[in-house]
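The task is simple: from the sequences and hints, build the whole structure.
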Amino acid sequence: MASDSITGEAASSRLWDRFSIKTKRVIWAWTFLALPILFYAGIRFYPTLQAFWLSLTDWDLLRPANFIGLVNYQKMFADPVFWKVFQNTFLYLLIGTPLSLVLSFVIAFYLDRVRFMHGFIRALYFLPFLTTAAAMGWVWRWFYQPVPIGVINGVLGSLGIEQQPFLRSTVQALPTVLVPAIWAGLGFQIIIFMAGLRAIPSTFYEAARIDGLGEWAILRKITIPLLKPTTVFLVVFSSIGFLRIFDQVYNMTTNDPGGPLNATKPLVLMIYQTAFSSYQMGYAAAQTVVLFSILLAVSLLQLWIMREKK
Amino acid sequence: MTAMPSTELPANRRDIRPGPIIAWTVLLIGGLIMVTPLLFMFSTSLKTAGQVYDLRLIPAAPTFDNYLKVLGDGRFMQWFFNSTFIALTVTVSNVFFDSLVGYTLAKFEFRGRYFIFLAILSTLMIPTEMLVIPWYLMSSQLGWLDTYWGIMFPGMMTAFGTFLMKQFFETVPNDFLEAARVDGLNEFTIWWKIAMPMVVPAISALAIFTFLGNWTAFFWPLIVTTSKELYTLPVGLSSFAVEQSIKWEMIMTGAALATIPTLLVFLVLQRFIVRGVMLAGLKG
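These protein sequence lines map, in sequence, to chains R and Z.
Just so it is clear: in the first sequence, position 120 is 120 by the numbering used here, and no numbers are missing.
Just so it is clear: in the second sequence, position 11 is 321 by the numbering used here, and no numbers are missing.
Bear in mind the hints are in silico, worked out from the structure with no lab data behind them.
Pairs of lysine-lysine residues, derived as DSSO-like cross-links and limited to a Cα-Cα distance of at most 30 Å, are as follows:
1. LYS24(R) x LYS417(Z)
2. LYS538(Z) x LYS557(Z)
3. LYS379(Z) x LYS538(Z)
4. LYS503(Z) x LYS22(R)
5. LYS417(Z) x LYS22(R)
6. LYS24(R) x LYS503(Z)
Only some residues are given here: those of chain R computed to face chain Z with a beta carbon under 10 Å:
7. VAL26
8. TRP28
9. ALA123
10. TYR250
11. VAL268
12. LEU296
Just so it is clear, CB atoms sit at the ideal spot from N, CA and C, and this is done for glycine as well.
Next up, the structure:
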């Protein structure tokens, strides 16, 4: 390293001294970046290319990979389970993102005005964010059990409402699995929304009041438009989270992963099973390429929509 | 929180009106609903097998027997150690390397700087799920499967952390760095001794996020570990819960043990953590 040459022998010291200050700084910069560049090349970029390559092979862990062209993709697009999983993945996104954003915005909006016990109430909403999804999957799974075990059905029963099958129903299972995911992320979104709300200068509100705007008009004309950067960040962030849902689904359906009848199976769980239960690595790689394309498309689409609306 | 620019809304002064009181009550009830799953988890972990069907929140005869039983077989302590060791190591690595790279990209001028920045930033678009199959192949070839290093290596540096730190180092005035240079300090010392102390809030935000993310990580540790001694706490808990089947009081005890550490840390560092989340969210 260059630091050795400063304190080191005279010869190398003379060489180092001959560099201009600018050149020295360039050498420092590349020294600092050397290991990180190796890391990003070896642990991020090369594996990405490899995933694309493996998706075109029949690699199954046992025999060496053979190039088979687009066979994996043809197989995937002809598989009804894939389309079911594809649909589930988007259901997680389409229900999860709007619901969690509206909820967290409303809570942040009112919580921001609360002074009495503000820290305590904020902590109540934030605590679930600090939990482990795998552990909470089991807590919620227990909540959803039929009577006499499950809390929710117990409460429904005492209110005289019909018992619900929740995780055992092909219709209810997906929203049932989604609830803990929304629950765990809400605190984070509330905090970010509150930071965004506080970043709006109070002069905007004062000016609006002088102009005689009502609370609702202020919300629509000032708060929501000025909150756009925060909203864009949260939409992208939570969409990516819901598209990659795994921990909750895996732990809440261990007896039949992604069940009943694939009703809750998201793409990441399908990838996990294809790769590490049936060891069809090439086929699984093709599924990861689809996931990558979806994430890329959703991110670009959302950024584009948000830009147009202004 | 106090450090954040806070705009006192005129609405507070109308606290006597019923509106704010209703809003406050609804918020409090909502907040209590949010922690209900956690309360029931703790409550059930204190019940005996016979009391599990009694859904009262306060156990009739609370007992720590489940905790003694779960901790007694030693596996949880091992998993707890694994998770702590892994999360700490990865956090230290991220604080060091993400800061170093962020600083270099923010404060050095050299050809290729923008390209390196874009290249690192572009890795944000690559989902972990796409990389696990090549990582698995790589780990099996290099003998990293079922080792601590195998669990840790993918997260040793992150584009998110680098980007966050770059944003913050850009706010550090160049005068301080120039003054240190005139004093004859080398570039590494300038970064470590002068620049780093000026971005402590960002470092704490990065440390909190990295630690929490690795402590709760499930997908990659599930794939790369096969022997129970190397499981992280989430993976261990999951296998433990499957094994316990319908002994819900035991499963809740395990879940509580996996949750208590982060909740305790939060209670101690609440202000810090909330501010860290805000910082990361606004800059990131």
